[in-house]
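A.B. asks: From these two lone chains plus the hints, build me the complex, please.
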Amino acid sequence: MFKQITNLNGDELYLIVSLWIFLVFFISVGCMLFWMKKDHIDHMRDIPLENQENENETRG
Amino acid sequence: MQIEQFNYDNKIVRDFGIATIIWGLVGMSVGLLVASQLIWPQLNFLTQYTTFGRVRPVHTNAVIFAFVGNAIFMGVYYSLQRVLKARMFSDTLSKIHFWGWQLIIVASAITLPLGLTTSHEYAEMEWPIDVGIALIWVVFGINMFGTILRRRERHMYVAVWFYIATFVTVAVLHIVNSVQLPVSFWKSYYVYAGVQDALVQWWYGHNAVAFFLTTPYLGMMYYFLPKMANRPIYSYKLSILHFWSLIFIYIWAGPHHLLYTSLPTWVQSLGVVFSIMLIAPSWGGMINGLLTLRGAWDKVRTEPTLKFMVVALTSYGMATFEGPMLSLKQVNAIAHFTDWIVAHVHVGALGWNGFMTFAILYYLVPRIYKTDLYSKKLANVHFWIGTLGILFYAIPMYWAAVVQGLMWKEFTPEGVLKYPNFLATTLEIIPMHIMRATGGALYLAGAIIMTVNLVKTMRQGKLRADEAAEAAVPGPIVVHEAVRHRRLERKPVLFMVLALVAILIGGIVEMIPTFTVTSNVPKIESVRPYSALELQGRDLYIREGCVNCHSQTVRPFRSETSRYGEYSKAGEFIYDRPFLWGSKRTGPDLHRIGGKYPNKWHFDHLLDPTITSPGSIMPAYPWLITQQLDNSLLSEKMNAMRVLGVPYTADEITQAVAHAKQQAATIAEELRSNQVDVRPDREIIAMIAYLQRLGTDIKATAEDERAASTEINKRN
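Chains as they are written, first to last, in this note's numbering: chain A, 4 to 63; chain B, -6 to 709.
Just chain B, same shape as in the assembly (with noise of 0.2 Å):
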C-alpha cells in the first residue's frame, strides 16, 4: 500500500472561527438591544435606522447567517478533510468562500437598517446580495465536492452526508425563495403573491431551520461528538435512518407556520402530519448522541466541551419535541403569534447551535494553535452562565406567551372581550421581558468569556497553518460491492442526487396543486389591487419593517373576529407582493385596520404612539412627516406588477403619479379639515392610505350583498 502525505488546511478554520466569534458577539448585542427596545421604546433613538423594524431582521440574520453560518464552515472546512483525508481542494476557493460570506454579511448589516428588504423572513436582504449568497454557496460546493473527490478515504462518513445534504438543500432553498423581478437595483417584487407566496416564505423559512440550523450541526455532531468522547458513534445504522428520514420528513412541514390561516387545508393538515413525524428522526439523532457518551459521563463532569454537548443535545431534543406540539392545531391556536414561538427558536438557537458552536471552539482552537485551553475554569464559568442565561431567557418568555395568549382569549360573562385593549395585554407582559433580556446579557457575558479565554488560548500557541499528515491512497475497486448503501457512499453525486429527490418530493407536493389548482384560492370579486398612492404606502410599511410586529391575517376564532374583524380570505390577497402575514404580534392584527380610525388618529399615532396610546411600546415614526414620498420608481413599480399578473390599466401606470398624487391631496386636505397640518406629498399620507385601505375589499362585496338581499326581501 502506498502512503501519501500532504497537509490540513487549519487557517481556513481558524478564519472562519475568528469570523464565527466576532459575529456572534455583534449579533447577540444585537440581539440584546432589540429585547431592549419591547422594554423601553426610547431605545429605538428616534432614528430611522435603529427603529426595532429595521434593526431585527438585522438580528436573526446576523445571528443565522454570520454566527452560525460560519460557525458550520469552520467545523466542515475542519470536520471534512479529516474524514477525507484530504486537503481542502483549493486554498483559492477557500478564501473567496470566506471573503465572500464576509462581504454578504457587511453588505446585509448596511442595507437592512437602511430598510432595503424584502420582508420574506429570514431572507430579507435584496436581489443583489441574494445573487451573491448564490455564486459564494457554489464557491463553497465546488470546494466541498473537489475535496470529496479526491479524498483517501473510500466511503464517506455521515457527517459527509449531512454536509452534502445541507449543500443542495440550501441551494434550492434559497433559489426558490429568491425568485424576484427587479424594478430596480435595491427593489424587487417576488413573482409569488398571496397564499402562495407565504407558502413559499415558509416552506424556505421552515427548511432554513431544518438544513441550515440542523443538517450541519448533526454532521458536526457525528464527527466532534465521537472525538471529544473519544469513542464511536453509539450507532452507525442510527445515523443512516435518522439521516434520510430526517430530510425526507422535514421539507413538508412548513405549513405548520401557516395554520388556520386562508391556505388550503389539506396543505396544512400534510405540515400537521408530517411534522408529527418529525419527532421521530429528531430523537434519534439526540438519542444516538447522547447514547454515544454512556461509558464516559465521568469524562462529562471535567470536560466543558462535553458539558456544552450533552446542554445542546438536551435543548436538541427539547426544540424538537416542543416543535411537533407546537403543529397541533389546538397547541397552535394558543401559542402562535406569542413569546412561545421566540422561546421555542432560543431553545434551538441558544442551546443547540451555541452550545454546540462553544463546544467545537472550545475543542478545535487548542488543536490548531497546538496548545491547551488557556483556563478550562472559566471555559467552566462559561457553560454555567450560559445555561442560566438560556433559562432566564426561555422561561420568563413562555410565561409571558401563556399570560398574553390567554388574555387575548378571555371573554367576559357577557360575551365580550375582557381586554379589548391590545396595549393592556402588552403592558402585562413587560417584566417577564425584562427577565428575558436579563437572560440574553447573561448568554453575551458567558460568549465574552469565552473571547478572552480563546484569544488568550491563541496567544500562548502558535498557529499550525499547514498540518502534517498521512494516509494510505486507497487503490482501484476490485470486487464488486453488493451492498446498496456501501456503494452509494463511495458516490458522491449520486448520494447528492438522491438527497435531492428526497427533499424534492415534499415541496412539489404541497407547491405546485396551491399554484395551479384555482379552487385553492378561490377568487374574491370586490378585491381589488393597491391604487399608485396605496401601493408607496405599502412599500413604506415594508422599508420600516412593521411586519415584525404586525400579523395581517385573522384567524377563524371568535376572540379574534370580535377583536379584529372578518376573519382573513386566501383571495384577499392575491395582489399582495410579498405577502405580509407577519409570525409575531408584539402588536395587534392590522388586516382589518382599514376604516377602523380616522386618518388624524393614524397620524397621530405614527408621529408618537403614546399620543393615541399611552404606554405604547410602539416606535414613533415622525420622519413619514418629514420625509418626501419618493415617486420615481413609481411607474416602473407597477410595470413590474403588471408583469406580474396584476391587472393595472396602461393608463394607470403612465398616471401613477398624477394618480398618486390626488389620493394625497384629498387625504391631506380632509387630515386640514381636522386641523393637522401636512404636505400631502409626505410619505406619511402614503402610510395612512394603505392602512386605511387594508383589508376593506371584503366590506365592500359585504354591503353590496347586504343591499342585494334588502333589495331582494323589498321585491318579496
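In isolation and in its complexed conformation, chain A is listed as follows (with noise of 0.2 Å):
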C-alpha cells in the first residue's frame, strides 16, 4: 500500500521536504497552544455568547 507514494522514480525528494514543511508548521503551532494561557482561552470561547440577554429580552 505505501508503494503508491514511496515509488517516485527519484522525486521522492518533493515529498520528503513537503512533509519536513508540515511537520515543522504543525510544531510551532503546538508549541502556541501550549503556552497559550487558560483565562484567554476562556474569554475567546465565550465570545459569541455574550450579548446573549440582549437578545433574549427582544425577542418574542
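The hints are simulated quantities; they were obtained by calculation from the structure and are not laboratory data. Note that the structure is a prediction, hence the values are computed from the model and not measured. No residue lacks a Cβ here, since even glycine has one placed at the ideal position from N, Cα and C. Just to be clear, a hint being listed does not mean it is correct.
[As the list claims (entries may be wrong)] Taking lysine-lysine pairs in the PhoX-like style, the calculated list, with each CA pair at most 25 Å apart, reads: (1) B:K455 / B:K363; (2) B:K4 / B:K411; (3) A:K40 / B:K230; (4) B:K369 / B:K562; (5) A:K41 / B:K230; (6) A:K40 / B:K484; (7) B:K322 / B:K411; (8) B:K220 / A:K41; (9) B:K562 / B:K577; (10) B:K322 / B:K402; (11) B:K411 / B:K292; (12) B:K562 / B:K589; (13) A:K41 / B:K484; (14) B:K577 / B:K402; (15) B:K654 / B:K593.
[Stated by the list, open to error] One side of the interface only, derived from the structure: several residues of chain B facing chain A at Cβ under 7 Å: (16) V76; (17) Y216; (18) K220; (19) P225; (20) I226; (21) Y227; (22) Y229; (23) K230; (24) I233; (25) W237; (26) S262; (27) L263; (28) M400; (29) F404.
C.D. replies: Okay, structure coming up:
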C-alpha cells in the first residue's frame, strides 16, 4: 500500500521536503497552543455567547 | 469604561437570506432536471440551450455560488457583526456586494446555456464574468476588513479567522485559475495547456470545495452552533489547531482528482499523502462541533435547528472520511469517473452545506424578524424529508457506481471485456438513477416546505432592520501580550498574510516544478497542433459541454486500454487549451475516438444517438447540422494560440479560413460518397474533424516505429 507513494523514480525529494514543512508548521502551532493562557482561552470561547441577554429580552 | 451604542445591520442579512432561498430552489430544480435528463434524454428538449452538457454547469454553479455563496454572505454578515461588536463597515459596500453578486449569478445563468464557457469545472464563466467576480469579491473583502478594523472586541473569534482565510484563498484561487487570453468578449483561452492546465484546474476545483464549501461553513459552525446550543465550543484550542492544519493541508490535495492520468507521479503522490492527512483536521472540526452538544442532547430532540446541525456535522464527517479513502489509488482506480464521486459531493452539498444553511435560516429569520418560527412542526417535517432525500440520493448512487465500475473492469475467462459496449453498463444503472432523482425531488420538496415556513414567519413578524446593541470601547493596549497567537488575534492583516503563506506553500511546491521542469511533460515528436477546422470543432465540443459526460484521458489499466486503446501521455496534450480530461464517464472516454468509426457514424450519432446506439441517453445535436460554422474569429483564435506558444505559422494563421474550408470540403465529400448530404460549411463537419483527430497523433509514432523496426529487421 505504501508503494503508491514511495515509488517515485527519484522524485522523492518533493515528498520528503513537503512533509518536513508540514511537520515544522504543525509543531509550531502546537507550541503556540501549549503556551497559551487559560483565561484568554476562556474569554475567546465566550465571545459568541456574550450578547445573549440582549437577544432574549428583545425576542418574541 | 466607555460604553458605545450602535446598530447591527439586519437588512443585508435578510437580503442575502432571501437570495439564498430563491437560488437554492432554482439550483435544486435545475439539478432535478439534469438528473432526469440522464434517465429520459427527451428532457433535453431538442434545443441547444437545454441540453445536459450546457445545463449541468448551470446546476453546479447555481448551487455552489448562488445558493451556498449567498448563504455564506448571510451567515458571515450576521455573525461577523456580532462577534466583533460592530456594524458592517459600509452599508453602501454591503449593497454593492449584494446586487453585484446577484448580477453575476444572472449573467452566468444566461451565458452558460448560450454555450459561452471556458469548460473549467466550477469556473465555467467566461472572462468578463470572472472580472466581475474578482471585483465583487474585493468589495466583500474591504467590507469585512473595514468591520474588523472597527471592532469593539479586541480579539478575533475563531469564526473570523475562517472568514479571513476564505477571503484570501478564494481570491488567490480565482485569479490563478482565470488567467486567460481573451479572443473576443465571450471567448478566451487559458494560458495553461494540457497537464499544467489540469493541475491548475484541480488545485482550484478541490480548493473551491475547501475554501468555499468548507472553511466559511466551519466559521459559521463555530458561531451558530454555540448560539443554538447555548454553550461555548467544546475546545477552543482544538479549533486553533483545526484551523491552521486544515488550511495548510487542504491546498495540497488537488492532484487526487488526477490519479493515474499523465500528471507527474510525484505530484499525484503528494496529493495522496496530504489527502490522507486531511482526515485529521476535518474530524477534529467535526468532533469539536459534536462535543459542543454534550449535555445538550435533550435540546437536539426538540430543536429543529440542532437536528439539522447534527446531520450536517455527521455528513461532514462522512464526506471527509470518504475523501481520503477515494484518494487511495486502489480505491480511486474503481471509483473515479463513476457515480461514486457524484454521491460523495452530494453528501457534502446536501448534508453539510444544505442542512447547515437550513439550520441557520431557521435560527436567524425569527430573530431578525423579532418573532418565533411560524411552525416548528413544519421544520421537523422538512428535517425528515430532507434526510430521507439525502439517503435516497446517496445510496442508489453508490450502488450504481459499484455496479458500473465493476462492469467496466470485468473480463471473460477468455480475456476479453465482458461488456465491450459501454452503453450496456449505462442502461444497467438507469433504475438507480431514477431513485436518485426521487431523492433529489424529496430534498427539493423539503426546501419548498421551508420556504413556506419562513415566508409565514416573516409575515407574522417585522424586520428589525437596525438592531440596537452596545459594547464597551476597548481601551489602548498597555500591557504587552507575550503569547504569540494572542497578538495574532488582534492583528487581522498580519493574520491574513500568515494564512496566505500557509495556503501558498502547497500550490507552489506542486505547480512550479510541473511548469518549469521539462522532464515532467515529456515531448512527443509526432504531436502536432490542431488544424484550423479541428480547432473550431474543439471549440464546439467545449460549447456543447461534451466534457460533462465524456473524459479524454485513458488510464494505464488493462480494462481501459482494451476498451479505448493506448493510455494517454502527458506529451499528447501540450496544445490542449483548455484540457478536456473531464471528471465523469457518463459516456465512454473519447481520447482515442479518432479513426474508430467512419465519418458517417458520427454524423448519424450526433443527429440522433439512438440511430447508432439504441437506448443511448446521449442528447441529440441536430443543430450542428443546420447551423453554419462561424469562422469570423478563426484567425484571431489561432493567433491567440500562437501568442500562447502553439507553433502555428503566419501562413496557417492568415489562411486559416481557407484551410478550414479545404478540410471541410474533403470531409463533406467523403460523407456524400456515403449517401450523407450535408453542406461543408456546417458545424457538424468541424466536430467530426475534431473527433477524428483525437488521440491519433500518437498512432503516427507507433506506425513510424513499426515501419522503422521492420526496416531494421529487413536489413539484418
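A.B. asks: In ascending order, which of the hints set out earlier in this document are inconsistent with the structure?
C.D. replies: 2, 4, 11, 21, 28, 29
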